[in-house]
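Sequence lines, in order, name chains A and B. Residues in the first sequence are numbered from 254 upward in steps of one, following my numbering. Residues in the second sequence are numbered from 132 upward in steps of one, following my numbering.
Do not rely on the hints blindly, as some may be mistaken.
[What the hints assert, rightly or not] Away from chain B, derived, C-beta distances all over 10 Å, residues of chain A:
| id | residue |
| --- | --- |
| 1 | Ala257 |
| 2 | Ser270 |
| 3 | Leu292 |
| 4 | Leu320 |
| 5 | Glu328 |
| 6 | Thr380 |
[What the hints assert, rightly or not] Derived contacts from chain B toward chain A, CB cut-off under 7 Å, selection only:
| id | residue |
| --- | --- |
| 7 | Pro185 |
| 8 | Phe190 |
| 9 | Gly195 |
| 10 | Asp202 |
| 11 | Leu205 |
| 12 | Asn207 |
| 13 | Leu283 |
| 14 | Asp336 |
| 15 | Ala360 |
| 16 | Cys650 |
| 17 | Gly831 |
| 18 | Ser865 |
| 19 | Pro869 |
Quick caveat, the hints were computed from the structure, so don't treat them as lab data. It should be emphasised that the depicted structure is a prediction, and the values quoted were computed from it without experimental measurement. All C-beta atoms in this analysis are idealised placements derived from N, C-alpha and C, irrespective of residue type, glycine included.
In case you want the letters, here they are:
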Amino acid sequence: MTVAPEKILLRLHVNGSAVQCAAHPNKTLLEVLREDLNLTGTKHGCEMGHCGACTVLVDDEPVLSCLALAIEAQEHEIRTVEGLADGPKLHPVQQAFAECGAAQCGYCTPGFLMTAAALVERPGVPTNAVIRDAISGNLCRCTGYEKIIEAIALAARRMEEAATHA
Amino acid sequence: MREQELPSVSTATNPDGDARPLTSAVEASSVLRRAPQYPPDKPEGFSVVGKAGPKLDSFTRVTGQDRFADDIFLPNMLFGKMLRSTQAHARILRIDTSKALALPGVVAIVTGADIPVRYGILPSSPDEMVMALDTVRYVGDPIACVVADDELTAEEALALVQVEYEPLPAVMSIDEALRTDLPQLHPNPRRTNNIHKEVHLEFGDVEAGFASADRIFEDEYFFEGTTHAPIEQHAVMAQYGADQKLTLWAATQTPHYLHRIAAAVLGMPASQIRVIAPPVGGGFGGKTEPFAHELAAAFLARKTGRPVKITLTRQEVFYAHRGRHPVRFKLKTGVKADGTITAIHLQSWLDGGAYGSYGVATTYYTGALTTVTYKVPAYKFDGCRVFTNKPPCGPKRGHGTTQPRFALENQLDKIADALGLDAAEYRKRIAVDPNSTTVNGLRVTSCGLRECIDAATERTRYKEKRGKLARGRGIGLAASSYLCGAGLPIYWNAMPQSGAIVKVDRGGGVTVLSGTSECGQGSTSMLAAIIAETLGVDPSDVSVCYGDTDLTPVDLGSYSSRVTFMAGNAARDAASKARHLIAQSAAERFGVGPDRVGFAGRRVFDLGNRERSMTFIEAAQLAEARWGTIACVGSYTPPKLAAEYKGSGVGPSPAYSYSAAVAEVAVDLETGEITVEKITLAHDVGRCINATNVEGQIEGGVYMGLGEALMEEWPFRAGEHKIPNLLDYKTPTSLDTPPIEAIIVETDDKEGPFGAKEAGQGPLNPVIPAIANAVADAIRARIHSTPITPEKVLKAMDAASGTTLRLKKVTTPSKPSPVPV
Ligand code: FES
Ligand code: FES
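Okay, chain B solo, but in the shape it has when bound (with noise of 0.2 Å):
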């Protein structure tokens, strides 16, 4: 134990709530199942949770000892390379590989005739192939692999595959994807047009709420797309062995998901499929479905029989992308007098490149959670996603919230403006409430958003200072609440969300095997805490085995925000029962009821006299000569939470956290350069398990949310990505970040483990708003895009005044010219 003092404990209860002795451990583990209940949770006792402290796996990231994918060498491997598309839309009329294959070192190529089956990562549009049948539908769509002996072969050979190719129009924005003389990148005989999805919904009474609003306010925003660009590209090796089994290594979130994909492509028995997932080099929902780099090692390790890896290279990575969609939003919001919501209109349009990704999702999303901050009586959603020829868009850490988002809360502001409001006091009041049901039927449980309002704005005196610091100079408030974990799961099921396994090992070791994906957001220290937590050992004691679907229960993965909440409380499950056992042989020696059984310190003991102990290790051998192997398992399934829509899956979640910044900035008035001086953030994650980690996460959404709101962008020419670098996509370095104050804010939620929320996606919503907001307060203008260039303060200012001429006007001296003499 870090802290060697015994801290009271929770005790130990038959979860059935009676003494009936159990059998044995497989006939615990079913009765347990029907009714998990929890000791219950004393936050002074904690010996593990909430204290502070290095991640588990931090020592072996410092010494570069794990391998991510892209480091694991096999034997006889071949170098994989994709052929991909120069085209933005275009028909393949001829592909020649004859050259190509005749170069010596080449091992094989293949097309997409090799491998002709649709899929998606959602049920609902399976609409992508490993490599192109027919038509590419954007530059770096998938045409070909290369494996050759060597990478410098393989490149080499990828120019010598002759493709043909018959231009169709490309469809490069949201207007072109409306219009009907244009092309569909997916024929659909019910449309004439590129829409992809619609979205219409409506809830209350609309229309008269507005009727009964003194004002309205309506406004147009644009969010601009941006990308994850995590440190590490993406890459897979595959391996097919002479057992006929195929075993992957990706780089991926969802591990589940590439098995049962890989399954379907590869006409193979999920079985015969091993997908494991090495630690993750950063994913923000990049790395979260199949991949046709994957695929394609896939099908060529098990054509070749030799291993193949492919590593994209950071040009690729743009391609492969799934980042955030562009949306465009008209937003109508009625308030009464005293600023009280009575109707919000929302309507979004989003560009969601060529293929559908999440994107159906994310359509939800942008409507999905407008509820869930503020109060929101009457509300209509209208969301449309459109396909163009671009890299196709899907989920960025804040999935389809982070848009709206921006707009909802600027526009906020104008009308605390309008009405004379003071914005915080404004928002706190609106703020919803802990325990309600949104308009949209939205179960709210936990929620520390007043809490963060004020934690945040009283750390940087943001009363004292809006509308008052000198011009140039600005502070901005936004909150916004998140998802931990999506109440349904992608593809119908009725199975738990989150499987785990834990093995009591007579040596006093535990270990836990969890399906989750460790991508740098600290899953495995979360699951070690939550076990040592429930068995009184120390987290060093607990062995996190991730990410392989040989050996793990299925999770459904790391993105949503939903691990801690759903895989922590299916680890919570699974411990606990392991603890209920050791309670039962330990409390017959000690001659007490299992309800007087603490765990704590490695040590086990009587509540009672806790002279009367024993080690954790005595215990455990204990509890195996009474039970058997020590080994139970644990699940999460969701409740029910979805309404009865349409569309109602989008948007449930056993809790939401929530989250408001303030970021303070001053604006270069004659350059419209921009210096955010510091953003302040507080976050109400339910209960702090680990202080370090939820600092570190709320830090990096900060600084992720940084990025988008001053300097990302994507922008296309000819109907190519003009910046498919990480120098000319700018992110921001140290130089551009300024110190960031995260505020931890605990809500102590009913449902989540030991009342934990999540932190890893939350606070970058609130951060984009809050500059925006700042800098309007700087220049006493509003910038209705991201991101907040330079030359967008320029031209908000000259509007706001009225002139149209920046440069200052250009003079001579007043004095003459001397006489020359």
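The following block holds chain A by itself, in its conformation from the complex (with noise of 0.2 Å):
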């Protein structure tokens, strides 16, 4: 027996597959994720809101998962990092990270990864300016983001190339 509340169970929607958990309902998106479904793929560097690094997405929307409750998810589509491939195949903006060297230590990686899908997924090129944008809500300490705006800008013209051809 513990301090913490009761455990409840939980009926998410996490990469599109739905999954059931008893937590406890005090905790964040983040915690459950990370501790209850076994998906460690998104990080945290302050659990304030501060750094991105915990950026998932909720209906296709970047949210910070260590300011969202998991309770209040139960309803929508969310999506992480582990979500991102299509099976074996790398999303464009995990590709273009990878060949651009814009993981370093790879930690704040998935934070960006979620952030920068969310923008390249919606039609259009975006100036290196919009990138930078974007992203700003994003704390790196190993690139500069200089191969982060790299990466994003590759992924987003490749998207753009694949889609007028099809």
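Make one complex out of these two single chains by using the hints.
As structure tokens, this is what we get:
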């Protein structure tokens, strides 16, 4: 027995699957993903909404999972870094991040990837200024953002090309 | 191979220089260890080294597959939390844990009395304990550690621990630390103040140097303290098995030091402890020594028999700190009319925070590398580190050399202006020469400083712009140098600084075991590239096992920019021995001498007739049949470089990297706001092993320097860190960071692996003074302290123009008010 409140049953939609788990109702989405669903790809650097490392997509919009309660995310589609790739085929932002060297330690990377995925999945190719603005809520201490911006621009171009071919 | 064509390759020679057949792998190793010589490097022939491309671990990083320390969960685990002091300086009268212990879900609580062992990363200052025994020395100093079934309960329990303090006067500044009427943080009967370390060194005839100077410049500078703020909060998982072995998974840059100190603190044989360094989510020097939470988790895992995880909150990361020391400088430089330096006297005062950490080394480093960038014929250095009631300072990227660089490069521009010299040409003229020795006995080998200055200034058209841009726009240059690993280990020993084992599988795969820690700097890919180049395979054929004290030979760790040079050389040593064995057996098959065997493109062939070849797999099997299992050891010990004086151990390095930065800024003359528009940085990396990675290191260094130049601060109020969070502690976002252009300069260092030097730290150093010099160019006034804030810009402009009022004069419309109708 502990001081934590009784667990409740959470019904979540994560990366296209319906999942259930018993968790304390005061847990953040970040904690439930990492600790109860074993999806440790989502990281944390502050748990106060300051760094962006915990960014996931909720209904395709970037959300700081450290500030969201899991219980509130129940009716929504959640996407994490584990759900970005299409089977063995990497998402264009993942492919570009790897190629460009946009992940150094790689710890901020899942957060950036989710922010970037939301951006590039919209039609059109964002300018560098738009990219800089979109990722301004994600902190990276390794890269100086240079290669992250390069990677997002590359992914956006590739997606646009693929869309025109299709 | 990424490149399918067969490049020309180096040949395998018997390292002993004769063709004496070797009879076994073991014998081969011992023979080879005596005289490691390598095939001559042919830059045009490299098939892996020098190519750009993704790092080996990029793909697992972008999918979230890698497990960092906090991503490890074990069955039946406990969560640990540390109770930290609320007082800056106090005696602990009583700690009552009974209420906390009675809380359901709490499994154990320990305090300082349970582990009363002093330790310290430097053997010369063992002044820390896992938890305070009787005195707390900063807000955040650990007092107790609770483990519970879940995190919430552990947190709740902290609130129930009662601590009774007897407050002591807090020492919160360098000035206060030098006073004799305040209590000592660490009782020292030989002193009456809080000085931790004093250094006084003099080289050459300093008095004569100043006497012969035409001009003497004297300035004072202050470099503000900053912190690393890696995005990964420190974390550790400790497990004590039924076999009585302790395993620690720690977010550490230095698994070996944690291993050593855990053994000492826990009173366990090191053979019963295994330290594993999973991928580290950024270090920058902040994870280079054993931390209280790591040792407490280990202790509690042993005590409870259950796995214990402790992950620091972001606030605690600010308390764990070991960040950049705030330093005050007095800098006196004598020059001839043409700018030639005749003597330098540098005095530094370091605010060390509450404990020693690496501080003794930091103190030396504020003076040691002054002479490695420009020629200084006579040099005097006085350093002084003090204890204050703040989180302990330690090494941050550039360790102790970043702060004086700000002072030196700032003053150098001032000298150039006063003497009417072009600041770039001037720097080139006084730059140290390759293959020279400094006045304090440091051996300089390869040096691309002049090339770096040329590259950065030409790219930015610096000479056309400096002093000629409109007011409010500026361009600034600065240069620097850095170590490729400290020449001496931090604890005295005669063993190698790095070891490696290379094992060749009969399936063609190669595994390297290296004690390094991968903190994002790319050590894994560097090792794979060096081994792939040596054996003619693809980097993807190389599997790198790192940072595991049970499996990997010791490497002292990922700090001091030592990994490429030292671990790289060790890996190359081991791989060369494997190559030699494979070459011997292949040579027998080809019926030629082993010096005619080449390796490239996953093939082994007769250099005289490339048709005569076999796959690397066939060659590996042939070698295994001939010699037995192919597993070779390598190691690296730097040459003896230290001169004969006390303190000479800090500063020597087997090589120095060089950098030059040019910053271009716009300053709003009304608000003082600074916009850095671009930073161009040229870096002499010796030889670039992977351009993507070297550029990444340069860009990261530039970015980190930018934050220190413009925004990062370490403020305290009433004994407390004022801003221990990532919102108030400003680090540059993507909107604050300008485009960065990295220029790689190669000098082919004779002792570096394939000629390589470091890129992880050096590029940060010139960035801060380059920005300072650019701002000075824009506002025609100099700012002598970091960070360079809008407020300081306005004040400096006021001081330069002799005004004190910045606000515009209040006026009313000149036309009379219309008469109401
Ligand atoms: S962990 Fe959520 S913003 Fe930092
Ligand atoms: S890659 Fe390390 S924090 Fe971004």
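Hints broken by the structure, by number, lowest first? Going through the list in order, the structure violates hints 1, 3, 11, 12, 14 and 19 and respects the others.
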